[in-house]
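Asker: Using the hints, put the two standalone chains together into the complex.
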Amino acid sequence: MSKYSVSEKGFYGDFGGAYIPELLFPNVEELRQNYKQIIGTDDFQNQFKSLLKDYVGRPTPLYLAENLSEKYKTKIYLKREDLCHTGAHKINNTVGQILLAKALGKRRIIAETGAGQHGVATATVCALMGLECIVYMGAVDIERQAPNVARMKMLGATVVPATSGSKTLKDATNEAIRDWINHPKDTHYIIGSVVGPHPYPDMVTQLQSVISKEVKAQMLEKEGRELPDYVIACVGGGSNAAGLFADFMDHEDVGIIGVEASGKGVDTTESAATTILGREGIIHGSKTLLMQNTDGQITEPYSISAGLDYPGIGPLHAHLFKTGRGKFVSITDAEAMEAGLELSRMEGIIPAIETAHAFAIFKYLEFKEDDVLVFNCSGRGDKDLETYRKYFGY
Amino acid sequence: MNRINQALAQDKKLISIYFTAGYPELEDTTEVIKRLADAGTDVIEIGLPYSDPLADGPVIQKSSEQALRNGMSTRKLFQQLQGIRDTVDIPLIVMGYFNAMLQFGVEDFCKACEAIGIDGIIMPDLPIDIFERDYKALFETHGLKFVPLITPETSEERIKTIDELGDSFVYMVSSSSTTGGEQGFGEEAMSYFKRISDMNLNNSLMVGFGIKDAFSFEQASRFTSGCIIGSEFIRRLTNAGMEGIAPFIKSLK
Ligand SMILES: Cc1ncc(COP(=O)(O)O)c(C=O)c1O
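As they're listed, the protein sequences go chains A and B.
Everything in the first sequence is counted per this note's numbering, starting at 1 for the first residue and increasing by one.
Everything in the second sequence is counted per this note's numbering, starting at 1001 for the first residue and increasing by one.
Just chain B, same shape as in the assembly (with noise of 0.2 Å):
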């Protein structure tokens, strides 16, 4: 079984990390991976910083930029992690922005993430019929699941669909909105929350974009399988660095 569905398969709240890789130094990122799993991170997410992120808000926004700066790239990113499996065992997940997959080539990206032992890839701004009509064979055939997001505006039939390109979990976004937003959750969220869980779609569900403590935590995944957080752990590790790590995550436990 592929390593996402291991861990959705687990009797608990996921904690999923979104972070920039080559930040804040080029050579972080294996350091920043190992850290997180020590602490008790369930999933990964490792971000090929870009340089135009639509999806993303100023704190990711930023950390893409001093990572390219950096010299950050795709050849780069699986250079680094070469190995990784040696020494982490939880799913690891790229994201990314679809243009630097189209340029590495999207086979070559594939089998790249392959070889290092990839789990699955999200790429926001990928269309999920684009993805359907070129490239879903070819992710299966590499073992990638294919993580598609919807938002509070995607409809239900539209849900349905989407729910049909995946079999390990749905991303779902808090609210409308760029990653970095947002202060707890009010009624109207959870209430979202709930109306996708009441779907019992057969994908999971996973919140993510505004989640920054444990209280938002809760939240989130009362009605789901856990929750991925972002630019509030980029602005720990810019604030306290490495050694915030782990004290972050099991402030969220």
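Just chain A, with the same shape it has in the complex (with noise of 0.2 Å):
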């Protein structure tokens, strides 16, 4: 047993568990009996496998960046998630849950989203698999991402605006939520982080962990060597860092670094730094570092990048934080998009700008010229667009 790996009772260290109410628990309870074993089986694996490699088009390159390497002195490669069908690495949560949905006899697949890519995800493997698909979504967050919540229809699913709270991604989430509570026995909730109670952050990390086994296999090739000085990704919930942390977590001389969006900064109160601003709690089912008054009601986080704008992080990062095992940055938004901008113009990639949140980090951190960088480039910039063309005025 790793010491970064979930306990049997649900617990990173101090955080995770399912602090669900009852009404939840024969849900969750169903998941939690049989996730491991399901994705443990030879016809889930070669399954997933099949799907990751001829639909979602994996392995994804491990790219080196030379230009960028060139001008931070240090060997940086890109994990290339942006380049996965839907344009994000989303789609390999949401591949792997379909499968264990179906393998659990569920005919309803629910989904919350906070800038679409986990909506737009979700919607294309349930028209995959012919799965009817329920899609929660903030009513802020349907007009701010036109074009994902379009892509969504297209594809067949419903998308329910969530109009409670603040009516961002955290209440999408509750939505969601509720949606569960009242359908116990035929629907599944696909989440889209490495978020809610047990068994989903460890859930998802497994089928994000594909990115890591890559990533090794591929620095075996190029580097001659397993492992990296670090590795690098953004954290919103925290699926795409626990996807590239997955397996360097152990080998402690593997530097891990999480990125979060301090948004207008962390002394505003436009924020979504929460290893910064967070404190112990619990929200969505999930004991962890959450935005909160001195009361534990929930705080709206800010980011310009809404898949970053959750007022908490996944209880494996909490715990990564907490030990010391993970060193976390904050990036704000004007940081996170000149760093979007220096990306496309040296390298001729456009990232989302939850992405560009870690390209950012250099202005902080120091790296030897021989360090060799792995980032996660977990998502392409199409769906931002329009937020990029409105800030440098194109």
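Just so you know, these hints were derived from the structure itself, not from any lab.
Careful: at least some of the hints might be erroneous.
Straight-line alpha carbon distances no greater than 30 Å define the calculated BS3-like cross-link-like pairs of lysine-lysine that follow [as the list claims (entries may be wrong)]:
# : chain 1 : residue 1 : chain 2 : residue 2
1 : B       : K1212     : A       : K167
2 : B       : K1212     : A       : K185
3 : A       : K185      : B       : K1034
These numbers come from a predicted model, not from an experiment.
Answerer: Structure representation (structure tokens):
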């Protein structure tokens, strides 16, 4: 058992667990009892691998970004999750969970989405498998992410606006959970990140860990060694980060860097830098770090990127942070936008704004010339063109 | 004897009302409690509003949002309830979400409840295994009954485990749903009420979710000790104000 994997009861150190209403217990318990066994079967593994290869387009390349490497005087690789079908790492998880839902005999799929990436990835696999798909999305996000709403509808999903609270990702998640309470038998909830009650954080980490496994093999091929010196990823809930970190966490000499969105700055009220602004508490059934007031009311985060606009982080990341195993850096809107522009101009890769946050760390961290860094290039910028355009005035 | 158990020992079907503290106006909390008690309510559940009430439907969500906007907080609620026992002697239960309790400090929360004269606590998202391991002794020290929930999907084995944890009543959720759904109970619900009643648990049973009027009240209390009404009460309070409280309680009898 590794120091950083989940315990039998669903905890990562002090964090995790399943703080759920009894109303949700049967649903979560069914999943808890079955997920490991189902994921472990040859049948599941064969289908999962085959879909990842032929449908998603894996393995994604590990690309040596020479121009960026030269500028920052260190060796920079990009794990190209942006080249996945639908444009982000999110689909690794939805492919896995849809197979799981089928194995459990579910007919109806629900999901939450912020930017719409996870919603699109869910609608995509539902179309593929012929399952009903309902995506909850904050009314505010529906307005600011119109192209992804259209994609989901074209794929046959029903998009339901979440009109409670602040009408963004956290409220969409609440609505999805309520839907699941109301449909305890025929429905599977595909959570989009390493958040929520146990077993979700572990399950989503396992499904995303394909990223880590590929990096190891590709490192061996390109560098003659499996382990990079640093693995770096942006953290919203933390699924692309967990996927990249998974197989490196136990190798203490691999540096782990999570990059959070500080929005307009951690000293403003408009931020999403959970490790700095958060305290231990419970959100969406998980004990973790989250942004809240002294009363425990969850506060609304802010980031220019809808995908990092979440008031918590997955319990694995809270554990990595608390134990000091992971280093967390926070990046403002402005720094992320500049880093996104730089990656576009220097490497010809327009990243998602979430992803761009990771590439802004050079302002805060120094690396040696012979260090090998692997960045998770978690998604492409197509969905963000409008935001980039407005920001830079193109 | 704890007031909840005294109430349950009576030979009648108990009317229990849930309302959101600090709603419609911040300072309405004690007024609502007094009017409910005067009108003959048997048990009151004082809802501590939460930003993310996962188990609640739209009506309670809205009242919670409004109460928070009004400035309701854990401290404020405990302040408002100071001295409530001078005028109200029916059982009072605090219902909220676990994060609010955790941030206040679970022990401090229990102490504050005891000092006020609160009789029990309902925390839908405090799982029973964690309650038992970490907090059961604390609740007992402060004379607070822990009221667990069950649903039609809860297995008999788990119901027996749950029954061991409390010694007042089990909150039977009428159907698998968030609060505020349904209209009258069908055969399936009725047979569920009877099935659980036939288990002869140590705890009494109270049914909640989906009770609106004398008809659904009679149905849901036929095999149990009574019912908990939340969304419908808040709807009435919103529409008819304080003056609507007494007539609504009378209409259930
Ligand atoms: C491209 C991309 N990267 C990162 C994220 C953040 O999610 P997570 O932290 O779970 O990887 C999102 C979420 O929408 C995303 O679309």
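Asker: Hint by hint, note whether the structure agrees.
Answerer: Each hint, compared with the structure:
{"no.": "1", "hint": "B/K1212 with A/K167", "verdict": "holds (29 Å)"}
{"no.": "2", "hint": "B/K1212 with A/K185", "verdict": "holds (26 Å)"}
{"no.": "3", "hint": "A/K185 with B/K1034", "verdict": "violated (42 Å)"}
In the structure shown, a violation is registered for the earlier hint numbered 3 alone.
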